[in-house]
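> Below are the chains, spelled out letter by letter.
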Amino acid sequence: GQQVMQIPQYQHVQEGEDFTTYCNSSTTLSNIQWYKQRPGGHPVFLIQLVKSGEVKKQKRLTFQFGEAKKNSSLHITATQTTDVGTYFCADGNTDKLIFGTGTRLQVFP
Amino acid sequence: GAGVSQSPRYKVAKRGQDVALRCDPISGHVSLFWYQQALGQGPEFLTYFQNEAQLDKSGLPSDRFFAERPEGSVSTLKIQRTQQEDSAVYLCASSHLPTGSNEKLFFGSGTQLSVL
Chain A
1 GQQVMQIPQY QHVQEGEDFT TYCNSSTTLS NIQWYKQRPG GHPVFLIQLV KSGEVKKQKR
61 LTFQFGEAKK NSSLHITATQ TTDVGTYFCA DGNTDKLIFG TGTRLQVFP
Chain B
110 GAGVSQSPRY KVAKRGQDVA LRCDPISGHV SLFWYQQALG QGPEFLTYFQ NEAQLDKSGL
170 PSDRFFAERP EGSVSTLKIQ RTQQEDSAVY LCASSHLPTG SNEKLFFGSG TQLSVL
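From first to last, the protein sequence lines are chains A and B.
The numbering of the first sequence is the working numbering, which starts it at 1 and goes up by one.
The numbering of the second sequence is the working numbering, which starts it at 110 and goes up by one.
The set of hints was computed from the structure by calculation and includes no laboratory data.
For clarity, every value in this text was computed on a predicted model and none was experimentally measured.
Derived lysine-lysine pairs resembling BS3-like cross-links, with alpha carbons at most 30 Å apart:
1. K120(B) - K187(B)
2. K56(A) - K36(A)
3. K59(A) - K213(B)
4. K36(A) - K166(B)
5. K213(B) - K166(B)
6. K70(A) - K166(B)
7. K213(B) - K57(A)
Using the sequences and the hints given, assemble the complete structure.
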């Protein structure tokens, strides 16, 4: 079945370092959404990407959609302790969102 | 309400017991989704409603799971004869458009179900 894989599964960084998570799909994505889930919290929408090669920025966060629309990435510049949480990509290829496996980010002060 | 509301926040059930989980979506939201999230995993789709119509229930793991949204607003997820493998956080999400995949989802805080 359809799978959305994310790497790495888990990453520790020192505050101020950069962080990137990658999302890869076995099928072409019509659109991709990114969510953040804080420890003990629920997923919160960050952004949606629709166009091939699209790049969107939100302050220190940069989101990219691959040219072939089979992968996406989220890059955080100069991480802060408030960035702690699990980042999920989600494939909107059908009538429901299929979530990726997630990347758990830990930031040490 | 201001957001998606789920109750109870925590539920402990004995194996074999029936449970009912409630979701109150954002007022006016057409689409409602149920997801199951096991510890350390991503949310797994269970079922989807557009108003009162259940359009997709392909993710329900067994016939012990049943969901309804009779008036197109509040939804209930019922699990009969709970098993230990049902232990997870059950997340409800809603969106205002009929087709959820092109619109962001607003999630509730979830119900953490523990089956002993």
